[in-house]
Amino acid sequence: DTGVSQDPRHKITKRGQNVTFRCDPISEHNRLYWYRQTLGQGPEFLTYFQNEAQLEKSRLLSDRFSAERPKGSFSTLEIQRTEQGDSAMYLCATRLDGDTQYFGPGTRLTVL
Amino acid sequence: GENVEQHPSTLSVQEGDSAVIKCTYSDSASNYFPWYKQELGKRPQLIIDIRSNVGEKKDQRIAVTLNKTAKHFSLHITETQPEDSAVYFCAASRGRDYKLSFGAGTTVTVRA
Chain A
123 DTGVSQDPRH
133 KITKRGQNVT
143 FRCDPISEHN
153 RLYWYRQTLG
163 QGPEFLTYFQ
173 NEAQLEKSRL
183 LSDRFSAERP
193 KGSFSTLEIQ
203 RTEQGDSAMY
213 LCATRLDGDT
223 QYFGPGTRLT
233 VL
Chain B
4 GENVEQHPST
14 LSVQEGDSAV
24 IKCTYSDSAS
34 NYFPWYKQEL
44 GKRPQLIIDI
54 RSNVGEKKDQ
64 RIAVTLNKTA
74 KHFSLHITET
84 QPEDSAVYFC
94 AASRGRDYKL
104 SFGAGTTVTV
114 RA
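Chains as they are written, first to last, in this note's numbering: chain A, 123 to 234; chain B, 4 to 115.
The set of hints was computed from the structure by calculation and includes no laboratory data. Just so we're clear, the structure is a prediction, and the values are computed from it rather than from any experiment. Beta carbons are placed, not taken as given, at the ideal position from N, Cα and C, and that holds for glycine. Careful, some of the hints might be misleading.
Quick list of the computed label-pair ranges, beta carbon to beta carbon [claimed, not checked]:
1. A:ASP221 x B:SER29: 35 to 43 Å
2. A:ILE134 x B:GLU42: 18 to 26 Å
3. A:THR142 x B:GLY58: 39 to 47 Å
4. B:SER29 x A:LEU182: 16 to 24 Å
Per the computed footprint, the stretches of chain B lying under chain A, defined by three or more beta-carbons under 8 Å from a beta-carbon of chain A, are [claimed, not checked]:
5. 18 to 29
6. 73 to 80
Please model the entire structure based on the sequences and the hints provided.
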């Protein structure tokens, strides 16, 4: 499969625990986006990388959230001290030079 | 920031009939408008997109129209088939280096 991949696909955690998600882009896609999608809503933008540089962060991204893309390839999204309100699908999308963002399958987070 | 509103939230059509979904946006600087289809448990997939220098675009049974003056765009699906049943999201962006702002989605059900 040469599409965007995300790991894990599902994560159940207890409130207060830290979680980390990974996104592997389509080969050579230098632009990478993280979105969050709650039930019945469209994806909401969280952050954007061009290569290893984090160029934009949403105000939705509180200081408990951190994202990295250390070598300009895969990216990680970490949530510290998870809260029940963090339960959502976390989607990664990547893009090369055109307009189209290609989405991964998402990581579904459930915080108990 | 950009605000995208999408209507209706649910749409039920008889197989073979047409389906129309409408979206409005608030940011006059937006110039790229993609539509994504998301089947249950799967990733959003681009089905068609339009840039602001074009008023209409068609791809087989799917068409999108854009009215820049009124700041609204619509998705038209003709000759609907059961496999068209899914959630459809519209989105708007200022361009390739900007995030996508999504509508809340339309759940389309095609009745056999």
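Hint check results:
1. Roughly 20 Å separates the CB atoms of ASP221 (chain A) and SER29 (chain B), a value that falls outside the hinted 35 to 43 Å.
2. Between ILE134 (chain A) and GLU42 (chain B) the beta carbons are some 23 Å apart, a value that agrees with the proposed interval 18 to 26 Å.
3. Judged by the Cβ atoms, the range 39 to 47 Å given for THR142 (chain A) and GLY58 (chain B) holds: they are separated by roughly 45 Å.
4. Against the hinted window of 16 to 24 Å, the Cβ-Cβ separation of SER29 (chain B) and LEU182 (chain A) comes to about 18 Å, which satisfies the hint.
5. With a cut-off of 8 Å between beta carbons, the segment 18 to 29 of chain B has 0 residues touching chain A; three or more are needed, and the interface restraint is violated.
6. Remark: the segment 73 to 80 of chain B is not confirmed as covered by chain A, as 0 of its residues place a Cβ nearer than 8 Å to a Cβ of that chain, below the required three.
Figure legend: structure checked against the earlier numbered hints; hints not met, in rising order: 1, 5 and 6.
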